[in-house]
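Colleague: Residue-level listing of the chains:
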Amino acid sequence: MALSAAASSLATRRGADVALVVALATALGIAVFRPGMFSGEPGSDRTTVGEQVGKGIGGLKSLGDTVAGMFESRSPGERAGGVLANLKQRRQAPLHQRALPKIRRPANPLGAIVSAPPAPPVVPAPSTPLFNVVNAAPAPPVPVAAVVPPGGPPVIFPGFTPPGGGGVIIPPPQTPPVTPPVTPPVIPPVIPPTTPGIPEPATWAMMLVGFAMIGRRVRRRRAVLAIAAR
Amino acid sequence: MQLPLARSVKVSLAILGCAAIATVAAAWLLRPGPEPSSHQRAPRSAPHPVAALSKTAEEGRVLLNQAQVTQALAAGTLDRPVKSLLKVDKPLHFGEFDWNDSAIPDGPTWVRIDLGSQLISVFRGEHEIGTSVIVYGGDNKETPSGTFHVLARDKDHRSSLYDAAMPYTLQLTNDGVAIHGSIVRSGAATHGCIGVPLEFARRLFDHARVGDEVVIIPPGRNSDAQTAS
Chain A
1 MALSAAASSL ATRRGADVAL VVALATALGI AVFRPGMFSG EPGSDRTTVG EQVGKGIGGL
61 KSLGDTVAGM FESRSPGERA GGVLANLKQR RQAPLHQRAL PKIRRPANPL GAIVSAPPAP
121 PVVPAPSTPL FNVVNAAPAP PVPVAAVVPP GGPPVIFPGF TPPGGGGVII PPPQTPPVTP
181 PVTPPVIPPV IPPTTPGIPE PATWAMMLVG FAMIGRRVRR RRAVLAIAAR
Chain B
1 MQLPLARSVK VSLAILGCAA IATVAAAWLL RPGPEPSSHQ RAPRSAPHPV AALSKTAEEG
61 RVLLNQAQVT QALAAGTLDR PVKSLLKVDK PLHFGEFDWN DSAIPDGPTW VRIDLGSQLI
121 SVFRGEHEIG TSVIVYGGDN KETPSGTFHV LARDKDHRSS LYDAAMPYTL QLTNDGVAIH
181 GSIVRSGAAT HGCIGVPLEF ARRLFDHARV GDEVVIIPPG RNSDAQTAS
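Top to bottom, those sequences are chains A and B. Counting along the first sequence from 1, when you hit position 94 you're at 94 in this note's numbering, and nothing is skipped either side. Counting along the second sequence from 1, when you hit position 48 you're at 48 in this note's numbering, and nothing is skipped either side.
Keep in mind the hints are simulated off the structure, nothing from the lab. Computed from a predicted model, the values in this text were never measured in an experiment. Among the hints, erroneous ones may be present.
To be verified - If the Cβ cut is set under 10 Å, some of the chain B residues that face chain A in the computed set are:
(1) L53
(2) V88
(3) G220
Unchecked claim - Some, not all, of what chain A presents toward chain B, calculated at C-beta under 10 Å:
(4) E72
(5) S75
(6) G77
(7) E200
(8) T203
(9) W204
(10) A226
(11) R230
Virtual Cβ for every residue (Gly too), placed ideally from N, Cα, C.
Next up, chain A with everything else stripped away, as it sits in the complex (with noise of 0.2 Å):
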């Protein structure tokens, strides 16, 4: 066999080796011709069913008298080809968002804007009550209250109705009148952000790798520049 030949002719000097070697290599030799040895799909042995039990049909009259034609004679015949798998559709995904902001949109944000007053409101403090809410007989919705606070100008609660469906929001006589704090005005957004504020997981793992990648350059550059301070 060539390759023991080989792997002897190379280890002529060891006479252990030479006969580990040509074991080995028998062994190789032995399994590359084992007989049958990629054969081992299956059904190669399918045949060996018709050679124990003969090819013969004798007794048989006709194709009809055999299994297969019996099941033939029932049969609707062959599917044609070509037939789509038609009878069930893949079910869709569902649809849901993810990692999107919560946006809170206006009723309706066009009439937000335009009751917008130029003045910026003044929002009361939750913690103080400043006002009682007087509740008057039902009347009309009236969108723009007006308070009047004593020594104060008017101000101005757009869009505010109070749950009576409609009064007069007077101050209590007592309680002495503090200058609410002054939040800027929020304007909503009339087209909400196409982007979301969360960035999406992809962006957050290449931020992360970003950040990884400059991190090593900052340890690297330390540890040269220590070496190099030596």
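Following the hints, complete the assembly by docking chain B onto the known chain A.
Modeller: Chain B only, in chain A's frame:
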């Protein structure tokens, strides 16, 4: 005598290589043999003593003689001896089925599915007790062929892939191919499952147990067998 360094390295490498190859070869030699499929098995002997069917059981049946069975085994139409088939004179329509298990003695339930002739046959022991027309996998989702075993039974299964009802499911493969009740009409196809009429599926479901054998014959096999014989 000391070998030169390069030479000794070469020898060592050769030995190591041979050892590796020999290890692989030994592993190949000692590998466990493939699971014998029913095609490779010799035809089984009768599992129970030959009992002649009663007169009532013989009605509506075709009793096979030895020559027919021998020829069917040789041609590959059957993979085990069968004593009787249901007598179906006319071609079955889509959605039709035939079921007759009266006075058939007990035996293992097994199923033969011939994709070429679009037929399913349910056997109890060596006697056919039911047959129907099937629908099977389309061009891109072909039904696998071979010998399978019922992996699971589920009366009211719902396909997780296709969100479709699969009543009386007998699961055959781990990737979801199953026998189940379906709309059986001409020209229809499935995503790989075997669709049978609902009532037939119910009866088959009642008979089949987990582990029962299902032999699926690929299309074209039967016609080859006929031309060969």
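Colleague: Give a verdict on every hint.
Modeller: How the hints compare with the structure:
1. L53: 17 Å, violated
2. V88: 4 Å, holds
3. G220: 9 Å, holds
4. E72: 6 Å, holds
5. S75: This hint holds: A/S75 lies near chain B, its Cβ roughly 4 Å from the closest one there, short of 10 Å.
6. G77: Hint holds; A/G77 Cβ to chain B Cβ min 7 Å, cut 10 Å.
7. E200: 27 Å, violated
8. T203: Constraint on A/T203 not satisfied, violated at 31 Å.
9. W204: 30 Å, violated
10. A226: Hint on A/A226: violated, closest Cβ of chain B at ~41 Å, above 10 Å.
11. R230: Given a least distance of 39 Å, the restraint on A/R230 is violated.
In this structure, the hints that do not hold are numbers 1, 7, 8, 9, 10 and 11, in rising order.
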